[in-house]
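Asker: Residue numbers (this note's numbering), protein chains in the order written: chain Z, 1 to 396; chain H, 1001 to 1313.
Hints in this document: simulated from the structure, not taken from any laboratory. Cβ coordinates follow ideal geometry from the N, Cα and C atoms, glycine included. Please note that a few of the clues may not be correct.
Unchecked claim - Computed, partial: chain Z to chain H, Cβ under 7 Å:
hint, residue
1, Ile-13
2, Asp-14
3, Tyr-15
4, Trp-83
5, Ala-194
6, Arg-196
7, Thr-292
8, Val-295
9, Val-299
10, Ile-303
11, Leu-306
12, Leu-307
13, Val-330
14, Thr-333
15, Val-391
16, Ser-395
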Amino acid sequence: MTDPPPTDSEPPIDYDFGAAAAELRLRLRALIREHLPAGFLGAFSDNPADLALTQEFCKVLADEGLLCLSWPTEYGGGGGSVWEQTTVREEMWAHHEPRGAQYMGVNWVGPALMRHGTEEQRAMHLPPIAAGEVIWCQGFSEPEAGTDLASLRTRAEPDGDGWLITGQKVWTSYAQMAQWCVLAATTDPQLPSAERLTLFLVPMDRDGIEVRPIASMLGPHHLNEVFLDKVRVGPQDVLGKVGSGWAVMRDALAYERVGIARYARCESLLARMLAVLDSDDSWDRLAPALHTRWVRALVDLRIARLLAYRAVGEQIDGIDPANAAAARIVTTTCDQSVAEILMEAAGAAALDAGPTGPLAGAVDDHWRYAQAATVASGTIEVQRILVARSVLGASR
Amino acid sequence: MRTTLPADVVSYGDAARSRLSRLGGAEFALRCETDRPLRDGAGEALSDLGASDLDVRSDLNQFLAAAQLCRVAGSVALPWPLVEELLAIDGARLALLDPMTPRIDHGDLAGSWVGSDLDGHAVAVRPGPPRTAKLGPFVVLAELGETAARISAADVARHQVLASWRILGTLEAAFGQVVEHVRARTQFGQPLAEFQAVRFAIADANVALRGLEELAKFTSWRLAAAPGPRAAVDATVLRLSAVDSAVRVLRTCHQMLGAVGFCNEHDVSVLDRHLQPLLRLPVSAEVLAARLVPAVKSGDFETLFSDAGGVAH
Ligand SMILES: Cc1cc2nc3c(=O)[nH]c(=O)nc-3n(C[C@H](O)[C@H](O)[C@H](O)COP(=O)(O)OP(=O)(O)OC[C@H]3O[C@@H](n4cnc5c(N)ncnc54)[C@H](O)[C@@H]3O)c2cc1C
Chain Z
1 MTDPPPTDSE PPIDYDFGAA AAELRLRLRA LIREHLPAGF LGAFSDNPAD LALTQEFCKV
61 LADEGLLCLS WPTEYGGGGG SVWEQTTVRE EMWAHHEPRG AQYMGVNWVG PALMRHGTEE
121 QRAMHLPPIA AGEVIWCQGF SEPEAGTDLA SLRTRAEPDG DGWLITGQKV WTSYAQMAQW
181 CVLAATTDPQ LPSAERLTLF LVPMDRDGIE VRPIASMLGP HHLNEVFLDK VRVGPQDVLG
241 KVGSGWAVMR DALAYERVGI ARYARCESLL ARMLAVLDSD DSWDRLAPAL HTRWVRALVD
301 LRIARLLAYR AVGEQIDGID PANAAAARIV TTTCDQSVAE ILMEAAGAAA LDAGPTGPLA
361 GAVDDHWRYA QAATVASGTI EVQRILVARS VLGASR
Chain H
1001 MRTTLPADVV SYGDAARSRL SRLGGAEFAL RCETDRPLRD GAGEALSDLG ASDLDVRSDL
1061 NQFLAAAQLC RVAGSVALPW PLVEELLAID GARLALLDPM TPRIDHGDLA GSWVGSDLDG
1121 HAVAVRPGPP RTAKLGPFVV LAELGETAAR ISAADVARHQ VLASWRILGT LEAAFGQVVE
1181 HVRARTQFGQ PLAEFQAVRF AIADANVALR GLEELAKFTS WRLAAAPGPR AAVDATVLRL
1241 SAVDSAVRVL RTCHQMLGAV GFCNEHDVSV LDRHLQPLLR LPVSAEVLAA RLVPAVKSGD
1301 FETLFSDAGG VAH
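Okay, chain Z solo, but in the shape it has when bound:
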């Protein structure tokens, strides 16, 4: 005979973020309402005023101690819990990332500097990131090195006590607006991939760097080419150790494994679309199949959110990469199915872009960007590979 567990012998499970996070969510919504115009679609538009708005907003967040909420206070952060930080991620992404390109600096360049940077590098770079004053870009991908990143060819040729970097990067988001780049190059092509690469912190105005934007369906600033011609770097520019690029890259990207909180924007767009449809009974006239697709999208979004929370929770107890990968698989596929639902709900107006389009252009914007959800920062196939590895072990 086995006795069932006694009543309340241990604290049971609890999915509440806590009062501080709930209060923070309201505070963020109030700040957004106060500082950003209705229908704001983010910094990556053809209108330079949008970028300027995000820079202003970053300063507001920084002044309130909210830009780098989860950073330790010694680096200008707010010392917030991961749940408060999750709240920030959700609210920012839901409201079209009013931090603009700061996301990169706050979420992984900063933490990478804290873990691998020298004291001088930390002193030089962390305060401007925490103050929202600088934009970083990430120069990893190359024409011949996408998923197979370790095979990248950009060469750092030894020269004096430093190097001259020559090669080409591609898909480099924000390269045009960025002041700094984390650049991956091979310092010794003879070595195995784990030891060939080195990361450099390079100002984008250094001689020999040329940026060319790539026009795309995603919108401006998302994709650029960066050409490097004998760009001089010194030992002080190395992030981590010479030859440790691969290790630093993997460690740094672990902070971004959970990825952006795409589910939050999906939930917000569906709520906005519902409000519009409900204002004149169009909701009731939608095709019944679209109603049930909508329901299933909300079910999957809830799961995406819970999987993200599980992965975030593990940042405290050590990360199982498969949990983060599972969260990303569900989140990115939701992004795309919600994009289709919004388009269908918009009916014949679906292709109307700009401020007069459905949800002031947000439907068009979301659909276009959602196409890249399963490609950007690690494809969905890579996420499946990670999950399969945790279930089946590594393949031969």
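The hints should help you fit chain H with the ligand onto chain Z, whose structure is shown.
Answerer: Only chain H with the ligand this time, still in chain Z's reference frame:
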């Protein structure tokens, strides 16, 4: 946030696994198809586990223990109406049914029953005699009697949630067998687990199971933390997700097993056939989805932005 199951709940689940496995697993469930009185062994095992002492209406810890019991019961296709018994009212097992086409899984077992639709309209039911069917072999027809006292929305929600835990248990067991199979089975000179198409199918099924487990824990917590109309919606969300996931995961399981998975002797065949009542009764997945549509509009289907004023603009 605390999302890991408490240790005493986990150890109760372990004890349940060891006791229920001793019956003989899916093979026992298969034997019961032709020797129905054998099912009493399942009832005895449950009383060894103190199942009737579990108060699923009292608090979250007790509910989670019951949920683990249902999960383990699912993993061995336990031929017993466990969820219905955990939610019994005055000794009568509670069956959720569609009054237009009343069916009860294991309705032929000795004991009394009360039936309810998903809205809590309850009736006395008289289950009919055993039938033979491959899918849902223990399902019987039922006749409706007099109207009974209304079933609370909370009980209907608990029923849906515990049934979902049971579905999860079955899926985990089927998936576990398939993982073993693709690692062991060799074709073209290598284990199936080396083929990327196989690995990706396994990854997708695994993601579905991870998601369902998180949702099941979350929903169990919600029933206790936020009772009321939203808890009823949450329970339906979980049940819909469980059924949708089951169809996908079991499809993958059969595909990865090849022909062997269809054989009566194979556990996955038993698990699949015996799970069918939980996937079709009292209503289909599409009906569950349709029932959630009004909750989207009312905001009872909670999201980060379902409350008015949620979106800043
Ligand atoms: C919006 C956007 C922004 C980006 N920003 C940046 C940035 O700022 N900095 C930067 O460095 N990069 C950036 N990238 C690049 C991004 O990291 C790459 O696109 C991504 O890693 C995939 O590489 P690829 O495009 O070369 O595709 P490929 O690697 O050529 O892959 C093409 C397809 O083949 C699949 N595939 C490849 N290998 C395998 C395999 N072994 N098994 C199964 N399938 C496989 C892929 O999953 C994919 O579906 C950005 C991309 C996008 C879309």
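Asker: So, against the hints stated earlier in the document, which numbers end up violated here?
Answerer: Violated hints (numbers, rising): 5, 6 and 14; every other hint is consistent with the structure.
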